[in-house]
Amino acid sequence: MRLINLSPSRPLAVFLAAVPFVAVLIAYAAGSEIRLAANPADKLLPALSTIQETAVRLFTEGDRRSGEILLWKDTWASLSRLLGGVAISASLSLVIGMVVGLLPMFRSLLSGFVAVLSMVPPLALLPILFIVFGLGETSKVVLIVIGITPFMTRDLAQRVLDIPHEQLVKAQTLGASSWVIAARVALPQVLPRLIANVRLTLGSAWLFLIAAEAVAAEVGLGYRIFLVRRYLAMDVILTYVIWITLLAFVLDWLLKQLSRKAFPWMEAGL
Amino acid sequence: MTKAKFLTATALTLGLLGSLPAQAQEKTDFKLAWSIYVGWMPWGYLDESGIMDKWAEKYGITVDIVQINDYVESINQYTAGAFDGVSATNMDTLSIPAGSGVDTTALIVGDYSNGNDAVIAKGDMTLADLAGTKVNLVELSVSHYLLARALDSAGLAERDLDGVVNTSDADMIAAYSTEDVKTVVTWNPLVSEITASNPDAKVLFDSSKIPGEILDLMVVNTETLEANPDFGKAVVGAWYEVMGLMAAGDEAVLTAMAEASGTDLDGYQAQLAATEMFYDPAEAVAQASSSALPETMIEIAEFLFDKGILGEGAPSADFVGIEYPDGTITGSDANVMFRFDASYMQMAADGAL
Amino acid sequence: MSFIQVRDVWQAYGGRSIIERVTLDVSEGEFVSIVGASGCGKSTFLRLLLADERPVRGTITVDGGDVAVEPGRERGVVFQRYSVFPHLTVRENIVAAEGFNTASGWLFGAAKRTSRERADAILARIGLNHVAEQYPASLSGGMQQRLAIGQALTAKPRVLLLDEPFGALDPGTRVQMHDFLTELRAETKMTVFMVSHDLEEAFKLGDRVLVFDKPRWDPQDPGLYGATITYEFDARDGGMPYQHILDRYPSLKPQAEPAPERLLEPA
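Protein chains in written order, with UniProt numbering: chain R, 1 to 270; chain U, 1 to 353; chain P, 1 to 267.
Errors might be hidden in some of the hints.
What the hints assert, rightly or not - Under 10 Å between C-beta atoms, here's a sample of chain P residues computed to sit facing chain R:
# : residue
1 : Arg81
2 : Val84
3 : Ala121
As the list claims (entries may be wrong) - With a straight-line cut-off of 27 Å between C-alpha atoms, the simulated BS3-like cross-links for lysine-lysine are:
#  : chain 1 : residue 1 : chain 2 : residue 2
4  : U       : Lys233    : U       : Lys54
5  : U       : Lys202    : U       : Lys134
6  : U       : Lys233    : R       : Lys73
7  : U       : Lys202    : R       : Lys73
8  : P       : Lys112    : R       : Lys261
9  : U       : Lys122    : U       : Lys182
10 : R       : Lys73     : U       : Lys54
To be verified - Quick list of the computed label-pair ranges, beta carbon to beta carbon:
#  : chain 1 : residue 1 : chain 2 : residue 2 : range
11 : U       : Glu251    : R       : Ala248    : 54 to 60 Å
12 : U       : Gly262    : R       : Ser49     : 26 to 32 Å
13 : P       : Gly172    : R       : Leu161    : 35 to 41 Å
14 : R       : Ser49     : U       : Thr195    : 48 to 54 Å
Honestly, the hints are just simulated from the structure, not real lab data. The beta-carbon is built from N, C-alpha and C at its ideal position, and this holds for glycine as well.
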């Protein structure tokens, strides 16, 4: 039988899916044990049990000085920056993408500009962002917005252009104005793509957020990671990394569910 | 196959292990890491000029000197075992390798900061005015310690501030030029850059007010040094050859260091003026053996403990023991992880290398 | 003056002539089939009728009105594909034919209710009331085209333009659609243009069949000349108009018999 026709059974599929996770865990545990045998105070690869203890402490115990649970404070600060930035990017890219996709005048005006803009590495502009937007929350949100909006805008504009011309003509023969075509033909058909785009760009958004928090911050997940790096507290860093991964996974899952619930017609033909 | 071998094989296969902690055994190849800072520029020159190779050859070893762009990363790499030694301050040596259980010896006391680290404010301010304001600095760094000492001198503490904002040193100059930043604490060359380009910048406090507290060291793994005294001799011998050239004002040497640090001869000499270099090994021995050093280290340990840097496992500021050249120990004698060893510098002073 | 006037229409894309010198008069209620080889400009002519494109020369008017510059409710259309909105249910697609004509694009309150009732009546007429809540993607090709025609007719256009409407359907479904279209036409007396590549279909449904072809051909530069109407057939009565030849030309009848009472005017 050809390899391309060889599919795993259900239990085997579950087992295969678990293999990479287990392998990483075993390799980590092994590496950690070797280093700890050489130096019991080694901080680079803390034991899994240490990470677990640290995680419990970080999630439940307050800071020695302020009494606040820093992890939740960091999570709240980072999530509001992230979601704020993504929400602004999504709205901006939707509006600009629709305008560029539907109106030839604006397409001529903006599509070249957006294409060039999406090639600019935003991190290199950080000093300018700081001077224009200050060191506070604004510049962090703006970095996310600058980082992901051009890409999303280009993609959404292309999606609007991909709507069959026949549909736009049809809507016109039913008397639809430009506004009605935008609101009732184009918008509902690009919204699923917008959610898909948000899912795709969340990874970059996290990256920009953590970069911004590393540069100047008093609170946030990225801030804490870069701060404790200074004394090599890998147990804290690893807990935060696992937590960020989990948050990102949950966000992605929620968006997927939203897309399914909100756009039943996407699945009608399947 | 033993369990350890099996584990090593597994971990290596998956590429996770990285480098193992330095093993205490005789060897002939050594690696030092350094990062750009006025007092550490000689390390780059040692490497380029071949002076290090010459001394290493004399003792039948090789010493590879590697520049790391990120200071904290260089110390982390050393702590993880990728290097046998690293250029670091006394404070960061205590917090990172010693705090992580890597027994570390200060082989060379190169200099102390004598104005290179500074608290800079905009306009006419005093230290007392900092109460209730925000201060931008690299948190948990020497700057943070300097701020604590500065506030201390004005009868304030960090809790009297509106907080500190962790700001990357790479972006400190841009941060200073924004409206909402009022005060920064940073080090050279950023200090001279900020004061030169901002006429209203005022230095409220600098490290010349706390002489001998911020020491720039070359620290090495204690076990490696004990097993390979020739490694210590070669490094110290090479270092003081360059110190002699610098003390003599050799312009070619100083220009090479200036260019490597991204400035010109004048700029570099201005930075050196704010640095108390120990060109003479006898001075370095005196600094390492100073009776003030234990007090400074206790103060630093307390600062680190207060900030939670010594780790959650640290029950008190005395958790890590520090040994001085005369054999006295501050902190826990059961957990001595940081040692000031003046014997190699003494050999240089005696011309015994 | 005829209902639809096409006067000396030319169309070219970037120097390539597509159609040239097309002149045509169509009466209200006529069904005109347009046939021709691929690339002969018959779909271009339909887009010109639709005002989706403007000709480089010539004019097209409906009922003596102004020359249209863009598609509108006067001219309905059904394409081979993509004629219905995939994100709207079957009923919403019909309601859209009324709702899209408002300022907001939505109907509210009583207007919405009555529009839904009318939509349900139309769905019952076109046999889609049992799938009113479904999305078009879950319908068969024939059902989708029935919906598209129902949607177009709901907007009550003066002219209905069909661009190979049954081209993607299997033969059995196509015959059903012919019957469906014939019934609807009998009810509405709509003026219809239909582009087709199927001659049998063109003659079966049309009153007139127009053939597009290139009368002039330059072998060095095939794009130099465009296509035009080269033949026209009377396709009434199954394409056999001579059956009524005596009705049209009573003088040919035997003298002994009296003249018929009813006269049909030629088209």
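Cross-check of the supplied hints:
1. About 7 Å separates the beta-carbon of P:Arg81 from the nearest beta-carbon of chain R, less than 10 Å, and the hint is met.
2. Hint status for P:Val84 relative to chain R: holds, with the closest Cβ pair at about 8 Å, below 10 Å.
3. Below 10 Å, beta-carbon pairs count as interface contacts, and P:Ala121 has none with chain R, the closest being about 18 Å; its hint is therefore violated.
4. For the given pair, U:Lys233 sits about 12 Å from U:Lys54 by alpha-carbon distance, which is consistent with the 27 Å threshold.
5. Taking the CA atoms of U:Lys202 and U:Lys134, the gap is near 16 Å; set against the 27 Å cutoff, the hint holds.
6. About 51 Å separates the Cα atoms of U:Lys233 and R:Lys73, which puts this hinted pair outside 27 Å; it is violated.
7. For the proposed pair U:Lys202 and R:Lys73, the alpha carbon gap of about 35 Å is over 27 Å, so the pair is violated.
8. Taking the CA atoms of P:Lys112 and R:Lys261, the gap is about 25 Å. The hint holds against a cut of 27 Å.
9. Taking the CA atoms of U:Lys122 and U:Lys182, the gap is near 6 Å; set against the 27 Å cutoff, the hint holds.
10. With a C-alpha separation of about 55 Å, the suggested pairing of R:Lys73 with U:Lys54 is violated against the 27 Å cut-off.
11. At roughly 55 Å, the beta carbons of U:Glu251 and R:Ala248 sit within the given window of 54 to 60 Å.
12. U:Gly262 and R:Ser49 have their C-beta atoms about 46 Å apart, which leaves the hinted 26 to 32 Å range violated.
13. Taken as a hint, the range 35 to 41 Å holds for the pair P:Gly172 and R:Leu161, whose Cβ atoms sit roughly 37 Å apart.
14. In this structure the supplied range 48 to 54 Å holds for R:Ser49 paired with U:Thr195, their Cβ-Cβ distance being about 50 Å.
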